[in-house]
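2 protein chains.
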Amino acid sequence: MAHAPGADFILMAESKPLLSLDGDPMAAEALLREVFGIVVDEIIRKGTSASEKVCEWREPEELKQLLDLELRSPGESQEQILERCRAVIRYSVKTCHPHFFNQLFSGLDPHALAGRIITESLNTSQYTYEIAPVFVLMEEEVLKKLRALVGWSSGDGVFCPGGSISNMYAVNLARYQRYPDCKRRGLRALPPLALFTSMECHYSIMKGAAFLGLGTDSVRVVKADERGKMIPEDLERQINLAEAEGLCRDLRAGLDPEGGDLVGQLKEEPADPDFLCPPRADSVTWNPHKLLTAGLQCSALLLRDTSNLLKRCHGSQASYLFQQDKFYDVALDTGDKVVQCGRRVDCLKLWLMWKAQGGQGLERRIDQAFTLARYLVKEMKKREGFELVMEVAPVLKERMVKEGSMMIGYQPHGTRGNFFRMVMANPALTQADMDFLLNELERLGQDL
Amino acid sequence: MAHAPGADFILMAESKPLLSLDGDPMAAEALLREVFGIVVDEIIRKGTSASEKVCEWREPEELKQLLDLELRSPGESQEQILERCRAVIRYSVKTCHPHFFNQLFSGLDPHALAGRIITESLNTSQYTYEIAPVFVLMEEEVLKKLRALVGWSSGDGVFCPGGSISNMYAVNLARYQRYPDCKRRGLRALPPLALFTSMECHYSIMKGAAFLGLGTDSVRVVKADERGKMIPEDLERQINLAEAEGLCRDLRAGLDPEGGDLVGQLKEEPADPDFLCPPRADSVTWNPHKLLTAGLQCSALLLRDTSNLLKRCHGSQASYLFQQDKFYDVALDTGDKVVQCGRRVDCLKLWLMWKAQGGQGLERRIDQAFTLARYLVKEMKKREGFELVMEVAPVLKERMVKEGSMMIGYQPHGTRGNFFRMVMANPALTQADMDFLLNELERLGQDL
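As you go down the protein sequences, you meet chains A and B in turn.
Residue 466, in the numbering used here, is where the first sequence stops; the numbers in between run on with no holes.
Residue 466, in the numbering used here, is where the second sequence stops; the numbers in between run on with no holes.
Chain A extracted, bound-state conformation:
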């Protein structure tokens, strides 16, 4: 099935596909076998090997030259294309490498990857039962399971393109639930609103406030304690402040339909560290592409709502997709729950991994991550020279990336300066990797 260079095009004939690979599953298969072989060698074997580099650093201008990115009019031979695949992999960061601690996603779960390869090969959209029968039912089941773990026996939900958009959904749903008029008449028809959030919240709350038309000024940041828990007294203060400024008159009612005292309830809430979700939350954003290693992207918005809020808030009944004269129950056409039209299938990778590992297996992985985190802290305390020096982190980072030995993210936090932010998500990590990390940080910084 060799594909001769320069012979990419076959002259058009009646009833023949135009390009050599179009409509030729044998040629497609041959190409994909080669690419799969490269993926196995370069990512699954070498990419996960501690003796290989995490990244092959190049300055941007040099990398542009090496990759020859320009798109031209003539096509290229299969040989050239395979070489391009190798180059893309060579200069990409190996997020599956045991010394990649840089982001909240890392590692390579083979079952999740298998799910992703099948998803990409089936290439369908998650909007109707008609063209995604398996995935409509599967998404429902996976969301049900995630809700059960949060503590809800009923509810709704949807997979979104990332946690930030999940959070925006949550804010949009909250405002629609309280002020359904907003959908038709917009924010100008509503009283001024305020959005209370913890100082530890993700920056998507700010981005969402701007995107949803609320404006970042409407975000009121509430102080958190040492453990990151919102301080109820500060929330109370912020609410009073906002009310004095004429904002959010209906807030208490909006937050608490039964007329209870939200701040009072928060004060009494148990400080249980295993408490996954505050009992009064209406929605939870959960990103299984992080610690659960399902692969980017896999972000679930979970709702306690059973009143079809998602569809009422986002639905528009597009006639070319959501015909009402279909031959099956159109409640299965979940596409109108979202603001997207086409939507990727994000449930299969998580479902397949979960089937393979079982709930038990996923639980043990997380326990293992905590065990390693405790080990790292213990070992770090034993060593001299590990203390917070804010100028050091950027220097060590540059050195590790240019050598390609390791990747860890750093950041300032509150009044604290730059520190390394260790992520233990990769289920393949061992104590040896923790020891490597400490030794490597010492080595990289020995002259500082």
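Possibly wrong hints are sitting among the right ones.
Copies of the same chain look alike in the list, so a pair counts if it works inside one copy or between any two.
Said to hold, decoys possible - Straight line, CA to CA, 27 Å or less: simulated DSSO-like cross-link-like pairs of lysine-lysine:
{"#": "1", "residue 1": "Lys420", "residue 2": "Lys247"}
{"#": "2", "residue 1": "Lys344", "residue 2": "Lys308"}
{"#": "3", "residue 1": "Lys329", "residue 2": "Lys71"}
{"#": "4", "residue 1": "Lys82", "residue 2": "Lys373"}
{"#": "5", "residue 1": "Lys163", "residue 2": "Lys329"}
{"#": "6", "residue 1": "Lys400", "residue 2": "Lys241"}
{"#": "7", "residue 1": "Lys344", "residue 2": "Lys71"}
{"#": "8", "residue 1": "Lys285", "residue 2": "Lys82"}
{"#": "9", "residue 1": "Lys163", "residue 2": "Lys82"}
{"#": "10", "residue 1": "Lys71", "residue 2": "Lys162"}
{"#": "11", "residue 1": "Lys308", "residue 2": "Lys396"}
{"#": "12", "residue 1": "Lys64", "residue 2": "Lys308"}
{"#": "13", "residue 1": "Lys82", "residue 2": "Lys344"}
{"#": "14", "residue 1": "Lys329", "residue 2": "Lys82"}
{"#": "15", "residue 1": "Lys420", "residue 2": "Lys344"}
{"#": "16", "residue 1": "Lys285", "residue 2": "Lys308"}
{"#": "17", "residue 1": "Lys373", "residue 2": "Lys329"}
{"#": "18", "residue 1": "Lys162", "residue 2": "Lys82"}
{"#": "19", "residue 1": "Lys162", "residue 2": "Lys308"}
Derived from the structure by calculation, the hints contain no laboratory data.
Fit chain B to the given chain A structure using the hints.
For chain B alone, coordinates are given in the frame of chain A:
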């Protein structure tokens, strides 16, 4: 490398990964080889074969039973997992099948799929040069090329999770460009706005108006002519109407910073059918996952802007990602251009396919799609019995899906009733497939 059922877990030992496949690239490889074999047999070979079914229809309740979707505590053996992969594929619609005309995406481009498999295996996020060096540069190059085809020699852009979100970006950017205060102070600080769109617009404009806080009432739908082009006189009427209602006082200035006469310009615009983009557009949403068969999702928002509007509008400078004390040019950290945090890599599949086909190859594919569309119309005119009978489409649709012989979408349009909406995106299509389609429609409807 067989993976004995019931032996999924290995007891934890110091410095050993927890689960049998975690940190075992040989076992991962063995699993993935098996899955890849299934993908080749069931999707690439059988899925694209005209002699196989497009779909294997099952009623939802029956399908739930067949799939055994429930997620349990114990894990499953490799054999069971492979059987699950086969079942998922068996009951999924084969969008790569030559008789799948149901959606604007179809076909299977092997180079694009190769790009998708590499993307999934590398599993990184498109937000910083640090962790996506290849893809930050590649996205820039692909967007530049797409802009050039639209007719812009400079500009900006970004890949979004689907065309609907690209359209929302465009609306949000327009409002920020005119009223930068909106980001901080929200819509309530602005004069009332109106959004003028064609009656032929995508339903995401309505969804976006609601999500962005404008409200669907702010959307003013302008009549279009027989060719789908907005009628300038009706736009003028709608603008006058909105102004009379107190909306959009600054609209003329907002749309046209040079103070020209937009409606007048629209009237004089050439009715050239090859005109890809009106010369006065500021942004274009382009979905290469449709006719270009790059795979879901691949949606580019293209901008003529060179003032860093994207970053100014969406940026929030999260300190843990976009550190300003980095050792490289932080302008390469494009993640702050978007409202997402983690963002999938959507450029590689398009880039690799483009490299393989060349601009020439992609052009010929599109020419071929138009050739086949003309052929289909010509052949249809030759046959009796092909006329618009609105009750027939849902019945034919049910029959074709339950037999699995073919899939075509249907919809009403304006005052016209249900009609079949033929999509010719699959580059592997031939005249024989058009003949099949006509014969099959006759066969399915012969008793009606």
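A quick look at each hint next to the structure:
1. Lys420 with Lys247: Classified as neither; 38 Å inside a copy, 54 Å across copies.
2. Lys344 with Lys308: Classified as between; 24 Å across copies, 38 Å inside a copy.
3. Lys329 with Lys71: neither (47 Å within a copy, 33 Å between copies)
4. Lys82 with Lys373: Classified as between; 15 Å across copies, 42 Å inside a copy.
5. Lys163 with Lys329: For Lys163 and Lys329, the Cα distance is within 27 Å only inside one copy (21 Å; across copies 38 Å).
6. Lys400 with Lys241: neither (33 Å within a copy, 74 Å between copies)
7. Lys344 with Lys71: This pair counts as between: shortest inter-copy Cα distance 20 Å, intra-copy 54 Å.
8. Lys285 with Lys82: neither (56 Å within a copy, 44 Å between copies)
9. Lys163 with Lys82: between (45 Å within a copy, 15 Å between copies)
10. Lys71 with Lys162: This pair counts as neither: shortest intra-copy Cα distance 40 Å, inter-copy 32 Å.
11. Lys308 with Lys396: Within one copy, since 25 Å is at most 27 Å while 54 Å is not.
12. Lys64 with Lys308: This pair counts as within: shortest intra-copy Cα distance 22 Å, inter-copy 35 Å.
13. Lys82 with Lys344: between (51 Å within a copy, 20 Å between copies)
14. Lys329 with Lys82: For Lys329 and Lys82, the Cα distance is within 27 Å only across copies (23 Å; inside one copy 45 Å).
15. Lys420 with Lys344: Classified as between: cross-chain Cα gap 13 Å, same-chain 58 Å, threshold 27 Å.
16. Lys285 with Lys308: Result: close neither inside a copy nor across copies, 30 Å intra and 52 Å inter.
17. Lys373 with Lys329: neither (29 Å within a copy, 41 Å between copies)
18. Lys162 with Lys82: between (46 Å within a copy, 14 Å between copies)
19. Lys162 with Lys308: Within one copy only: 19 Å inside, 32 Å across.
The structure does not agree with the numbered hints 1, 3, 6, 8, 10, 16 and 17 stated previously, though it agrees with the rest.
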